[in-house]
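Trainee: We have chain E already, so just place chain H on it with the hints.
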Amino acid sequence: MRKSKLMLAPVLLWLSIFLLIPMLIVVVISFTQRDTLGNVVFSFSLEGYKTFFDSLYLGIYWDTLVLSVLTTVICLLVSYPLAYYIANAPAKMQKWGLILITIPFWINFLIRTYAWVLLLRTQGVVNTILMHLGWIQDPIQMLYTKGAVLLGMVYNFIPFMVLPIYVALEQMDKRLLDAASDLGASRWKAFRYITLPQSKSGIMTGAVLVYVSTTGMFVVTDILGGAKSMMISNIIQSQYLGARNWPFGSALSVIFVITSLILIMLFNRAMQSKADRAKEGRA
Amino acid sequence: MKKKTHPLLGLHSLIMMIFIYVPILLIIVYSFNNTRLSGDWKGFTFDWYVSLMKDRHVMEALSNSLIVAVSSTIVATIFGTLAALALRNVSRKLRVSMNGLLYLPVIIPDIIMGLSLLVLFTQLHMPFGKITVIIAHITFSMSYVYVVVTARLTGMGRQLEEAASDLGASGWQTFRHVTLPQISPGIISGALIAFTMSLETSWSASSWLVQALLRFPYIYMVK
Numbered sequence: 001m002r003k004s005k006l007m008l009a010p011v012l013l014w015l016s017i018f019l020l021i022p023m024l025i026v027v028v029i030s031f032t033q034r035d036t037l038g039n040v041v042f043s044f045s046l047e048g049y050k051t052f053f054d055s056l057y058l059g060i061y062w063d064t065l066v067l068s069v070l071t072t073v074i075c076l077l078v079s080y081p082l083a084y085y086i087a088n089a090p091a092k093m094q095k096w097g098l099i100l101i102t103i104p105f106w107i108n109f110l111i112r113t114y115a116w117v118l119l120l121r122t123q124g125v126v127n128t129i130l131m132h133l134g135w136i137q138d139p140i141q142m143l144y145t146k147g148a149v150l151l152g153m154v155y156n157f158i159p160f161m162v163l164p165i166y167v168a169l170e171q172m173d174k175r176l177l178d179a180a181s182d183l184g185a186s187r188w189k190a191f192r193y194i195t196l197p198q199s200k201s202g203i204m205t206g207a208v209l210v211y212v213s214t215t216g217m218f219v220v221t222d223i224l225g226g227a228k229s230m231m232i233s234n235i236i237q238s239q240y241l242g243a244r245n246w247p248f249g250s251a252l253s254v255i256f257v258i259t260s261l262i263l264i265m266l267f268n269r270a271m272q273s274k275a276d277r278a279k280e281g282r283a
Numbered sequence: 001m002k003k004k005t006h007p008l009l010g011l012h013s014l015i016m017m018i019f020i021y022v023p024i025l026l027i028i029v030y031s032f033n034n035t036r037l038s039g040d041w042k043g044f045t046f047d048w049y050v051s052l053m054k055d056r057h058v059m060e061a062l063s064n065s066l067i068v069a070v071s072s073t074i075v076a077t078i079f080g081t082l083a084a085l086a087l088r089n090v091s092r093k094l095r096v097s098m099n100g101l102l103y104l105p106v107i108i109p110d111i112i113m114g115l116s117l118l119v120l121f122t123q124l125h126m127p128f129g130k131i132t133v134i135i136a137h138i139t140f141s142m143s144y145v146y147v148v149v150t151a152r153l154t155g156m157g158r159q160l161e162e163a164a165s166d167l168g169a170s171g172w173q174t175f176r177h178v179t180l181p182q183i184s185p186g187i188i189s190g191a192l193i194a195f196t197m198s199l200e201t202s203w204s205a206s207s208w209l210v211q212a213l214l215r216f217p218y219i220y221m222v223k
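Protein chains in written order, with the UniProt record's numbering: chain E, 1 to 283; chain H, 1 to 223.
Bound-form chain E, shown alone:
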């Protein structure tokens, strides 16, 4: 117990200095004003929060939420089978599978995202191939659409979903499945009532990682979405670095973090009740 607290001390100290204090500063700044030069004036004001309720910002905020949730759902749908496949492969293959999934993501996402520009633009690889095959007559506009942004996000965050689900599936007791099939459960039933609940922690971790990374990502939106699609993080970044309206940027950050917290809590609760239902089904 004492040793555990001693182990915690450096972590706690670190997080206090480099996480809590900076976040507190942001909260404080969100309630201040700025002067005409863009300097923060420490007098109480709700100006930052009032600006947020402009219809323009609310619209962008809504778009951000929709895109982030969509990215998370699609990532989950495509990554789960992949993680499942890797977790059930022979041990040697598992290692290679993980390495193969991770390596491309050591290349900076800026470069990876530009690769999608090469693929998607009007004279790009995809359009060229489709036209050669005669499937389309004229190039399709793919770049600078919301679909392109969604694709770029999913592409960039697949490993964040695969890795945690893999970890959860890999440590699952596989004998449970044998037991289930001995007792006459179909493959689907065994998956539904054993594998899925056991991988719940992985799904939750992966979903949170992907969701938050998507909400915080502004580069992909810039590159694949063009000027049309803005995300809330584009605005936060420009308020801090370009427009120099720190109070508004901070207010946006605070609202944003709080929304994420609420969404994640709701999601946790939903997952919980699902697991409970699964338990009832098994009983």
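Hint data in this document are derived by calculation from the structure and do not stem from the laboratory.
Mixed in with the good hints there might be a few duds.
What the hints assert, rightly or not - Computed cross-link-like contacts, DSBU-like style, restricted to lysine-lysine with a CA-CA straight-line distance of at most 35 Å:
1) H/93 <-> E/3
2) E/5 <-> H/93
3) E/174 <-> E/200
4) H/130 <-> E/3
5) E/174 <-> H/93
6) E/95 <-> E/189
7) E/200 <-> E/92
8) E/95 <-> E/3
9) E/95 <-> E/174
10) E/189 <-> E/92
11) H/54 <-> H/42
12) E/146 <-> E/50
13) H/54 <-> H/130
14) E/92 <-> E/174
15) E/5 <-> E/200
16) H/42 <-> E/146
17) E/95 <-> E/200
18) H/93 <-> E/200
19) E/200 <-> E/189
20) E/95 <-> H/130
21) E/200 <-> E/3
22) E/200 <-> E/146
23) E/189 <-> E/174
24) H/130 <-> E/5
Stated by the list, open to error - Pair ranges (Cβ atoms, derived):
25) E/128 <-> H/118: 40 to 46 Å
26) H/42 <-> E/243: 38 to 44 Å
27) H/43 <-> E/243: 43 to 49 Å
28) E/66 <-> H/118: 27 to 33 Å
29) H/160 <-> E/59: 53 to 59 Å
30) H/67 <-> E/134: 48 to 54 Å
31) H/42 <-> E/238: 35 to 41 Å
32) E/129 <-> H/67: 38 to 44 Å
33) H/11 <-> E/13: 48 to 54 Å
34) H/130 <-> E/5: 27 to 33 Å
As the list claims (entries may be wrong) - Computed, partial: chain H to chain E, Cβ under 7 Å:
35) 16
36) 27
37) 79
38) 107
39) 108
40) 186
Idealized CB from N, CA, C, for every residue including glycine.
Mentor: Frame of chain E, contents of chain H only:
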């Protein structure tokens, strides 16, 4: 006895691998492209690699990125694992609040964390450079390690460790021979995520690099 997985699963995984690797291969192909600006194929060349090797800035940036990624991964992995292990043995109240604290960097988008650290470093008059970047990277990546290792520990149960200490193993021996081997997949995944995140976040690349399409991506602006 091992059950075979469904062939459709294999197909799906194959398609996913293709999906993941096509853009990467495209980048590699274009890195030999004999043109500066357009994305069209203009013939084969090694010029980019030659100028890459000659470019001191790029090489320095590359080494900076690797220094940052490696050192922040090491510290973050140690911190994250320590926290995950320690939190098993503390009171429920402390565990819940520490857990919340450790989840914060995951939940707060890195843009917001980055900017808040920017504000802090400005207030402290800390010069921006490798150290501040490493600090930022440790702060957000230790949580990822913590999350993954905790998931592993939760699934593991404590029977084996209890058995080991019943059989006379010391605390360290139990840790070294029972706990560590069991949680190592979690630690490795966590470290991989931390390393990946660190290289990821080096987006503050100067834009000329992007135009050339390949060229090494891992750039930090170091003053």
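Trainee: Are residue 93 of chain H and residue 200 of chain E close enough, with their CA atoms no more than 35 Å apart?
Mentor: The given pair, whose Cα atoms are some 24 Å apart, holds under the 35 Å limit.
Trainee: Take the C-beta atom of residue 67 of chain H and the C-beta atom of residue 134 of chain E, compute their distance, and say whether it sits inside 48 to 54 Å.
Mentor: holds, 52 Å
Trainee: Taking 35 Å as the top limit, are the C-alpha atoms of residue 95 of chain E and residue 130 of chain H close enough?
Mentor: holds, 32 Å
Trainee: Just to be careful, I want the Cα atoms of residue 200 of chain E and residue 3 of chain E compared with a cutoff of 35 Å; is the pair within it?
Mentor: holds, 31 Å
Trainee: Tell me if residue 79 of chain H is really an interface residue toward chain E, meaning its C-beta lies closer than 7 Å to one of theirs.
Mentor: The hint holds - residue 79 of chain H has a Cβ within 7 Å of chain E, the shortest such distance being about 5 Å.
Trainee: Taking 27 to 33 Å as the stated bounds, is the beta-carbon spacing between residue 130 of chain H and residue 5 of chain E within them?
Mentor: holds, 32 Å
Trainee: Does residue 189 of chain E sit within 35 Å of residue 200 of chain E, going by the straight-line distance between their CA atoms?
Mentor: The hint holds at about 16 Å.
Trainee: Starting from residue 5 of chain E, check that the Cα of residue 93 of chain H is at most 35 Å away, please.
Mentor: holds, 13 Å
Trainee: Would you check the hint for residue 93 of chain H and residue 3 of chain E, treating anything up to 35 Å between C-alpha atoms as holding?
Mentor: Answer holds: residue 93 of chain H to residue 3 of chain E is near 17 Å, not above 35 Å.
Trainee: Taking 35 Å as the top limit, are the C-alpha atoms of residue 189 of chain E and residue 174 of chain E close enough?
Mentor: This hinted pair holds, its Cα atoms lying about 15 Å apart.
Trainee: For the pair we were handed, residue 92 of chain E and residue 174 of chain E, check the Cα-Cα distance against 35 Å.
Mentor: Given pair residue 92 of chain E, residue 174 of chain E holds - Cα atoms ~18 Å apart, limit 35 Å.
Trainee: Do the numbers back the hint for residue 27 of chain H, that is, is its least Cβ distance to chain E under 7 Å?
Mentor: holds, 5 Å
Checked against the numbered hints listed earlier, the structure breaks none of them; every hint is satisfied.
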